[in-house]
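Chains as they are written, first to last, in our numbering: chain A, 1 to 537; chain B, 1 to 537.
Just so you know, the hints here were simulated from the structure itself, not pulled from any lab data. Just to be clear, a hint being listed does not mean it is correct.
[To be verified] Listed next, the stretches of chain B that the computed footprint assigns to chain A, with coverage defined by at least 3 CB atoms under 8 Å from CB atoms of chain A: (1) 67-74; (2) 102-115; (3) 209-223; (4) 389-396.
[What the hints assert, rightly or not] Heads up, simulated SDA-like pairs for lysine to any residue below, C-alpha to C-alpha not over 25 Å straight-line: (5) A:LYS66 <-> B:TRP499; (6) B:LYS347 <-> B:SER230; (7) B:LYS520 <-> A:GLY213; (8) B:LYS496 <-> B:ASN64; (9) A:LYS66 <-> B:ASN61; (10) B:LYS189 <-> B:HIS153; (11) A:LYS295 <-> A:LEU372; (12) B:LYS66 <-> A:PRO537; (13) A:LYS496 <-> A:ARG404; (14) B:LYS496 <-> B:GLU455; (15) B:LYS66 <-> A:ALA500; (16) A:LYS165 <-> A:GLY213; (17) B:LYS66 <-> A:ARG69; (18) A:LYS520 <-> B:SER535; (19) B:LYS66 <-> A:SER535; (20) A:LYS66 <-> B:ALA518; (21) A:LYS520 <-> B:GLY519; (22) B:LYS66 <-> B:ASN77; (23) A:LYS66 <-> B:ALA35; (24) A:LYS520 <-> B:LYS66; (25) A:LYS520 <-> B:LEU497; (26) B:LYS356 <-> B:GLN382; (27) B:LYS295 <-> B:PRO225; (28) A:LYS66 <-> B:PRO225; (29) B:LYS520 <-> A:GLN382; (30) B:LYS66 <-> A:GLU63; (31) B:LYS66 <-> A:TYR220; (32) B:LYS520 <-> A:SER535; (33) A:LYS66 <-> B:GLY30.
Just so it is clear, the structure is predicted and the values come from calculations on it, not from any experiment. No residue lacks a Cβ here, since even glycine has one placed at the ideal position from N, Cα and C.
There are 2 protein chains.
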Amino acid sequence: MKISLSAAFALFCLSLFPAGALAQRPVTYGQLLHANDTPQDWLMYGGDYSSQRFSRLTQVNRENVKNLRASWIYQPNAMGEAPIESSAIVEGGVMYITEPPSTVTALDARYGTRIWSWSPKMPARIYTIGVHRSNRGVAVYGNTVYVGTLDCHLVALDAITGAVKWDVHVDQNDQGYSMTGAPRVLDGKVIMGVSGGDVGIRGFLAAYDAKTGKLLWRCYTIPLPGEPGSETWGSSMAGVGGGGTWGTGSYDPDLNLIYWGTGNPAPDYNGEARPGANLYTDSVIAVDPDTGKMKWFFQFTPHDTHDWDSIQVPVLFDADVDGKPRKLLAFANRNGFYYVLDRVTGKFVAGGPFVKQTWAKGLDANGQPIMLPNTEPTPQGQLIFPDGHGGTNLNSPSYNPRTRLFYVNARETGAYTISGRPKVNFPDFGGGGRMNLSGDVQYGAVRALEAVTGEMKWEYKLLAPAEVSTLSTAGGLVFSASNEGDFFALDADTGKLLWAFSAGGSDCEANPVTYEIAGKQYVLFAAGNAFIAFSLP
Amino acid sequence: MKISLSAAFALFCLSLFPAGALAQRPVTYGQLLHANDTPQDWLMYGGDYSSQRFSRLTQVNRENVKNLRASWIYQPNAMGEAPIESSAIVEGGVMYITEPPSTVTALDARYGTRIWSWSPKMPARIYTIGVHRSNRGVAVYGNTVYVGTLDCHLVALDAITGAVKWDVHVDQNDQGYSMTGAPRVLDGKVIMGVSGGDVGIRGFLAAYDAKTGKLLWRCYTIPLPGEPGSETWGSSMAGVGGGGTWGTGSYDPDLNLIYWGTGNPAPDYNGEARPGANLYTDSVIAVDPDTGKMKWFFQFTPHDTHDWDSIQVPVLFDADVDGKPRKLLAFANRNGFYYVLDRVTGKFVAGGPFVKQTWAKGLDANGQPIMLPNTEPTPQGQLIFPDGHGGTNLNSPSYNPRTRLFYVNARETGAYTISGRPKVNFPDFGGGGRMNLSGDVQYGAVRALEAVTGEMKWEYKLLAPAEVSTLSTAGGLVFSASNEGDFFALDADTGKLLWAFSAGGSDCEANPVTYEIAGKQYVLFAAGNAFIAFSLP
């Protein structure tokens, strides 16, 4: 743990920013189960187990959001490493963020002052091909903060002091395994995914005992030869793999199922080595957290040759379909389609494109793409929409149960997708996409989709395709940002711009969250090198 | 010139931040002469030729400063290079800033959006021993922006486009010459100083024709053997030098004199090689800008062995002394003393310590230090106050002609100063100071000194010794910051804290400035990786 000189001095600077009495209580499973009932906290990645990113706070609302102003800024001094992609956790006035590459910092959420900061000792050389040297956040449970590191350790830190409680080496970084996503904590378990799908790892989800760090199970996303699913990889599984799990999944406590997206097959842009659908890549898998057994899966992009990782966050919601109440799962996919699944069975309910896509005629009755000809990468480059970053990417959507709308930062992008042989030994992409089209329109937009049908209700256009999450609130607002670090609030019903602030930092990829302290609601954004908390005067 | 993709998109993002019609008019010498009369602009380093850093703007004042809120943020993406040390220029709604190491950027001062950005092509290896890889700002004159670069070029850029008009190689970087200060522009001349005093350069001021870049004169701060002043260096001048001019000087148009501070002698901490006073190091020099001839000099620290560069900005002010009106020059020095000089003659008027100092008994009638014994660096370390960063440093003070107070960010610091032999060839410090005292009190404070006497009227204490400038306004305010990036406003009469904002970035070394656009007053700070403009709602 490092405590800077400046932090030491900050302890004395009482006249400027008096520290409140911070109530660092253990976070219980009951709190996590009912996260929506305590909107003053932002208890987990996605806001609650359904990953709706919806807050019941209403202090900041349609009428007064125009008065929102920066309350404090925290600059982690991590520029040049990678974009800030962290989703903050806030509990009892303490905020836990991550800084690139794998640093965890606890802040006073009211004043932005640092309480502690912890950085892992990592080797100088870390394999991160196709992986951002960044981190998307922690999980908090009991008195413990859980983080995955770039060199593939899962570490438990004391929430009060930042001291290491346990440190588990999950897998070999020199084999391409890495961790950048936020863990998901259930009752006594930490569920963790891995990065590295582009270099052909064998993807998996793993569960660890929250107290001891003992491995409970692994659920692989790539079968071994002979196992069910291996028939979708051709005659040999040598040199292929993928199925990273670098997003963060959702959880339905009633069904006792976790839902987690899986990444692309490898090699990315060359499918010859892996004829077949390549299960369970580009899928959402439903896993029993007690056993690690896969209950069902739904594959979005069979035999993907466009790097369309399906690690987007599954959003769980309940709604009537054809007059009958259903337990549903919404998924806006990098491949350009929006899907609604029955989350009990994994069956397709509805779906359709939410951005321009040029690779499929549409979805069949089972939600499987009806492929168009001439959509495979070529040596010269095949123009395909969406591009390799997808119609949406790691940025989380949100769902407002009052408007029943699903808000996603959509990317209208295409690329000339190029095939290529993977390199030997440490295989990299072996192909790719020339992203910058000349003469073609590419842009971004926050889109509000009718959650059950995927029909677009409104959009707020942005010229640059963004990779920013949305946040929905009971104040009738959708918060999001542009790729250039312009934060804004839209009317949840109409998409009308109500507030904007230019934070001037590119690579705006963090998740906005909201919380309340001492009667004041805050909205936290990040862009460039800065976390910025906004509140009303 | 680089225009980023994001800037290109920004041109289209009209719905978020509509661009005003920017009036980029040529800056005339008349404007510069009467800079105080157009407080909507901040026309030069120091605010005006007297470097008072005083603005007549009153919209933000004692009563309402508590409502100040961030209006926009610009993040230059230069973290890791060096602190932002820039002092912005604002004219006609356009702001010119520099980013580490030597990038010039023009911003829309109302919205913080980038108009253009220019970076010099510099060699991969640049000698910067004892020099920050940073830049303190530009000068603007006519349609031209002037900047000194780390590899010691003086470059003239078109103010509208950022295109290079001329580029002069001032001196050899591989001999230690570098440029980090802001140029001073007079009528048709650009006056520029150099960095590199710690490695024994022969310091100088140089004047160039503003239109053509033609060298007009050089004024050396280190004599050649046999020249006047060389007798203060002992029998040989081999291997010694220094006298950098890396601050920015002031100008009195009536007396037609520029006043510029000079840096330490080299080698820094070992005086044996240079017995004598070592003229014209650690001095302020008064130079005729037409001829480059030195009219007078005043040396603050003869035979300096503590790295007490005297590159602080000379503040020119007029006041009665003993009932007679005098043209004065105030100088808060790194050596811990505050000086008032007659700026016509260079004669000492008044002075005394403004921080704890343990090396001199006091100043004699001529303002020369009465040395104490046992104050030289030793191999074991000699505890001396102030430390090598001084009682104040490059950060500019300000003067309010209404309160007649001089506001300086003072540093209460000591160090165990160590002697040592300089290394051969490229001599570095060869000694230094262990800065971190255990058991001793070190802190910072904004201090208000009666300008004529140096008597302290009030102080606002900060635990960490800062290197931040102050800004004074007719709204009765003094703006400054802590080293941790806490911006604040104090009552100019009492030092009472009226407003604070935590910007969370360490290395807060930029100069706050103020300006007005479309009836709204802005105050610009920088900390960490962010420039932040504040205004009233």
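Taking the hints in turn, this is what the structure says about them:
no. : hint                  : verdict
1   : 67-74                 : holds (count 6)
2   : 102-115               : holds (count 3)
3   : 209-223               : violated (count 0)
4   : 389-396               : violated (count 0)
5   : A:LYS66 <-> B:TRP499  : 22 Å, holds
6   : B:LYS347 <-> B:SER230 : 22 Å, holds
7   : B:LYS520 <-> A:GLY213 : 57 Å, violated
8   : B:LYS496 <-> B:ASN64  : 14 Å, holds
9   : A:LYS66 <-> B:ASN61   : 24 Å, holds
10  : B:LYS189 <-> B:HIS153 : 16 Å, holds
11  : A:LYS295 <-> A:LEU372 : 31 Å, violated
12  : B:LYS66 <-> A:PRO537  : 10 Å, holds
13  : A:LYS496 <-> A:ARG404 : 17 Å, holds
14  : B:LYS496 <-> B:GLU455 : 18 Å, holds
15  : B:LYS66 <-> A:ALA500  : 22 Å, holds
16  : A:LYS165 <-> A:GLY213 : 9 Å, holds
17  : B:LYS66 <-> A:ARG69   : 13 Å, holds
18  : A:LYS520 <-> B:SER535 : 22 Å, holds
19  : B:LYS66 <-> A:SER535  : 15 Å, holds
20  : A:LYS66 <-> B:ALA518  : 20 Å, holds
21  : A:LYS520 <-> B:GLY519 : 31 Å, violated
22  : B:LYS66 <-> B:ASN77   : 30 Å, violated
23  : A:LYS66 <-> B:ALA35   : 36 Å, violated
24  : A:LYS520 <-> B:LYS66  : 18 Å, holds
25  : A:LYS520 <-> B:LEU497 : 23 Å, holds
26  : B:LYS356 <-> B:GLN382 : 16 Å, holds
27  : B:LYS295 <-> B:PRO225 : 20 Å, holds
28  : A:LYS66 <-> B:PRO225  : 68 Å, violated
29  : B:LYS520 <-> A:GLN382 : 52 Å, violated
30  : B:LYS66 <-> A:GLU63   : 23 Å, holds
31  : B:LYS66 <-> A:TYR220  : 57 Å, violated
32  : B:LYS520 <-> A:SER535 : 22 Å, holds
33  : A:LYS66 <-> B:GLY30   : 41 Å, violated
Hint violations for this structure: numbers 3, 4, 7, 11, 21, 22, 23, 28, 29, 31, 33, all remaining hints satisfied.
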